[in-house]
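Residue numbers (the working numbering), protein chains in the order written: chain B, 5 to 346; chain C, 5 to 346; chain S, 5 to 346.
These are computed hints drawn from the structure, not numbers from a lab. It is possible that some hints are incorrect.
[Stated by the list, open to error] Computed cross-link-like contacts, DSS-like style, restricted to lysine-lysine with a CA-CA straight-line distance of at most 25 Å: (1) Lys327(C) - Lys200(B); (2) Lys200(S) - Lys266(S); (3) Lys266(C) - Lys49(S); (4) Lys341(B) - Lys33(C); (5) Lys110(B) - Lys98(B); (6) Lys199(S) - Lys98(B); (7) Lys199(C) - Lys33(S); (8) Lys173(B) - Lys200(S); (9) Lys327(C) - Lys328(S); (10) Lys134(B) - Lys73(B).
Keep in mind that this is a model prediction, so the values were computed, not measured.
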Amino acid sequence: MKIRAAELASMVEGQLDGNPDILIYTASKIEEAKEGSICFFANPKYEHFVYQTTASAILVNENFVPKQKINATLIRVKDVYQTVANLLSIFEQKTEMNFQIDPLAKIDPSATLGDQVSVGAFSVIGSGVKIGSGVTIYPQVYIDTNVQIGDHTIIFPGVRIHRNCIIGKNCVLNYNVIIGSEGFGFVPTENGSYKKIAQIGNVILGDEVEIGSNTCIDRGSMGSTTIGHGTKLDNLIQIAHNVQIGKNTVIAAQSGVAGSTKIGNNCQIGGQVGIVGHISIADGTRIQAQSGVASSVNVENSKLYGSPALDYTNYLRSYAEFKKLPELARSIREMVKTRQDF
Amino acid sequence: MKIRAAELASMVEGQLDGNPDILIYTASKIEEAKEGSICFFANPKYEHFVYQTTASAILVNENFVPKQKINATLIRVKDVYQTVANLLSIFEQKTEMNFQIDPLAKIDPSATLGDQVSVGAFSVIGSGVKIGSGVTIYPQVYIDTNVQIGDHTIIFPGVRIHRNCIIGKNCVLNYNVIIGSEGFGFVPTENGSYKKIAQIGNVILGDEVEIGSNTCIDRGSMGSTTIGHGTKLDNLIQIAHNVQIGKNTVIAAQSGVAGSTKIGNNCQIGGQVGIVGHISIADGTRIQAQSGVASSVNVENSKLYGSPALDYTNYLRSYAEFKKLPELARSIREMVKTRQDF
Amino acid sequence: MKIRAAELASMVEGQLDGNPDILIYTASKIEEAKEGSICFFANPKYEHFVYQTTASAILVNENFVPKQKINATLIRVKDVYQTVANLLSIFEQKTEMNFQIDPLAKIDPSATLGDQVSVGAFSVIGSGVKIGSGVTIYPQVYIDTNVQIGDHTIIFPGVRIHRNCIIGKNCVLNYNVIIGSEGFGFVPTENGSYKKIAQIGNVILGDEVEIGSNTCIDRGSMGSTTIGHGTKLDNLIQIAHNVQIGKNTVIAAQSGVAGSTKIGNNCQIGGQVGIVGHISIADGTRIQAQSGVASSVNVENSKLYGSPALDYTNYLRSYAEFKKLPELARSIREMVKTRQDF
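Make a model of the complete structure from these sequences and hints.
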């Protein structure tokens, strides 16, 4: 991939300020950028790099006024951060699967595949599976009986999808994701052993859902575990059976949600958060990393922290005093002693 | 799968109250149930659904007295929750592997397989492996040299079992489970680097053990990591080298147990719990989610919470005061000031 | 593997005290050791086993003076713990891959393989991949386009390596490790949905890096995520995009490091630790299990605990008072009441 600065400016709807013909091969961070790369500048504390860099081009906000001479070509845009997303996708290399079905894939004859579908080597596609158009299935994927996959979804190596699950359009399932793993459902018996509850449900992912590597989404015990349109999950997350997550919610790595909990739309959940089962989390809730949510959150746009989680600011205030507890305790003991001596 | 209500009642040893000939195709939750499905009712707060549902049948406790007219056929049983487990397994669809050895599996000629064994495509079975009768090995599984697998165990796609490990009868290893991963054993050297300690042991699972997706069980450094009869582990759990877990213990998702720790029988361990190495946890111990257990638990049936974990009730009492710390601290400071002014 | 005690003593540079001809087949823990095995004794609380064991040989410190008669042959060494690492590797069984390329592996013709490389069945090696000498690639591995792998690295079944990543020499990637998974990079848009930021960077592992099973290392958004020489990561760890970890740092299972954070050399990080993004952790920092590090650690060899993490000793002092909070609170309330009554 190489592109003239003028073309790049046009693609990101920016104004060019410098050499329109300089060639760009890749994008880099401003502190690492070299000739042939475009970098970006938005945070004022990095401004000195703007004057030092050997990058060929720099993406800057439209109102940026340099304080020194700049060697690089500038591309001025309305919002640097928004533009970076577009810029990087220009330089992204994708594995060309070329819409081929590898002869070493094992595809059941009853499966139906749309146009321009790729299936890699050593992948298994079961009976009754329905795959939309433009779907990419990398090598070593397992798709069980009667799964449905929407158009243009991308499935990376090592993904496993259990029978009857439904994946929307334009989804991304990263390496080793498990969709429809068995829910943890056991009833204790009189002799102390556990009897398994069959998990007969499925998982339904909306469109534009992205799931990070090694994340597990358990299928419903009865009915479905559902992940709404546009929701994004990071790596190593556990979503238990019959959880329902709304639209455009993001959850960071290593968090876990226990069974039958409902999470609303537009929530932001940090890493290593735990949420107990059978509760509801209102739309727009923000949960700080490592928090443990033990009861329903009914007020929208709440912000939580702690284990069990409290209001964010209250947790920080309590924690500030927790740090001073030894001296507070000493004061108390001295006063108690004084009073007793009295 | 379809079944007459009368037959279903007989299978779960219930009494039928309504139309014996109505056909049931699946099981559903009472709030989602439709014609052709059986749902269950046990929690009184859902009673209104009993009168509204269009389900064909409802499983209820034997002493249930309706307050209004019910359209559905009732099946009365002693214990609804216990019965649901049986009921769901009636409707569970299993992938029929048909006791076939896929020609695309790679099986070492020295491996021995019992009767009615299935092995899926792209699975690898190493030299000296012994597989019992009725074992199902799905596609894309890796079974290393000299592993032993007991009768009727089910191994899902992506499972990896390291050499010399022993799996009991009627076990379930869910997607991408790793049995016998390498323990984290390193000794620091004088120059600050780490020298690896070879991990020459194995893992032994008892009968009826179930392991959730993406869970790792490290092999013993010397000797074995052992999981007792009937113990159930959820997804994304870490069990380190030489851990010993007793019988009928359950551990929820994303918990971790460090090396050489012994956990007793009938323990219940919540999600995201951490347990340090080289300690013992007595039989029947219950540990609240996200707790961190830093020392041995010697009293049976203890209940713990917090990080480091305390007695459950004590933790909650302390945490209740933690929430009020800012006002407590203010009181202290005022009193200290008053006393100084005095 | 069987070996005469005299030979074994010579291999570990120890002095033999007993029968030089006794044959040793394996290594065991002293409490489990039987005839034919060598065990080790270093911790005085296990001394009684020295006199009871039926092990054929015992590794002891050179200055050990028995208090009773010992049946086993002793091998005296300078440092028992250091020697155990060598001893166990003598008895470690390795799967012999015999430097063969399995005919069921799919290797792109443009990939280059060094001498004595093994590639197992159902592995996929993409275009432009460069593999050094003596590399072992087990079955069911996925290596994407243009990956480079240094000499003598070992890659276990189920590992996935994304395009352009660079793996050093003598590394070990355990079962199902993911190198170069997609970073969690999204920008919110005006309508509440998220737009993906293409992740065009890679991962670079130094030499002698070991990564535990099911651990994910995200590739850089731009530039690289880097893991320094000799660093060891345990199982189920999350390393986000553009994290930089120094040399000889060890991280225990289930910890997570958020994006762009820099961790120094020789750090020791416990299990289930969370570290936020965009901070720096100084060399030699030690972080207690389950801690949450929310800000940079600038002082080398700091020791931290808590969430958010404090100085280790301060956290323990505060936590000691946290346990007593109910009685401290009662004292305060009594004093407040007394003062008001006054």
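We went through each hint and held it up to the structure:
1. Lys327(C) - Lys200(B): The given pair, whose Cα atoms are some 40 Å apart, is violated under the 25 Å limit.
2. Lys200(S) - Lys266(S): 24 Å, holds
3. Lys266(C) - Lys49(S): 18 Å, holds
4. Lys341(B) - Lys33(C): Status violated; Cα separation ~61 Å.
5. Lys110(B) - Lys98(B): Given pair Lys110(B), Lys98(B) holds - Cα atoms ~24 Å apart, limit 25 Å.
6. Lys199(S) - Lys98(B): 18 Å, holds
7. Lys199(C) - Lys33(S): Measuring from Cα to Cα gives roughly 20 Å; hence the hint holds.
8. Lys173(B) - Lys200(S): Since the Cα atoms of Lys173(B) and Lys200(S) sit roughly 15 Å apart, the hinted pair holds (cutoff 25 Å).
9. Lys327(C) - Lys328(S): 14 Å, holds
10. Lys134(B) - Lys73(B): Measuring from Cα to Cα gives roughly 59 Å; hence the hint is violated.
In summary, the numbered hints that this structure violates are 1, 4 and 10.
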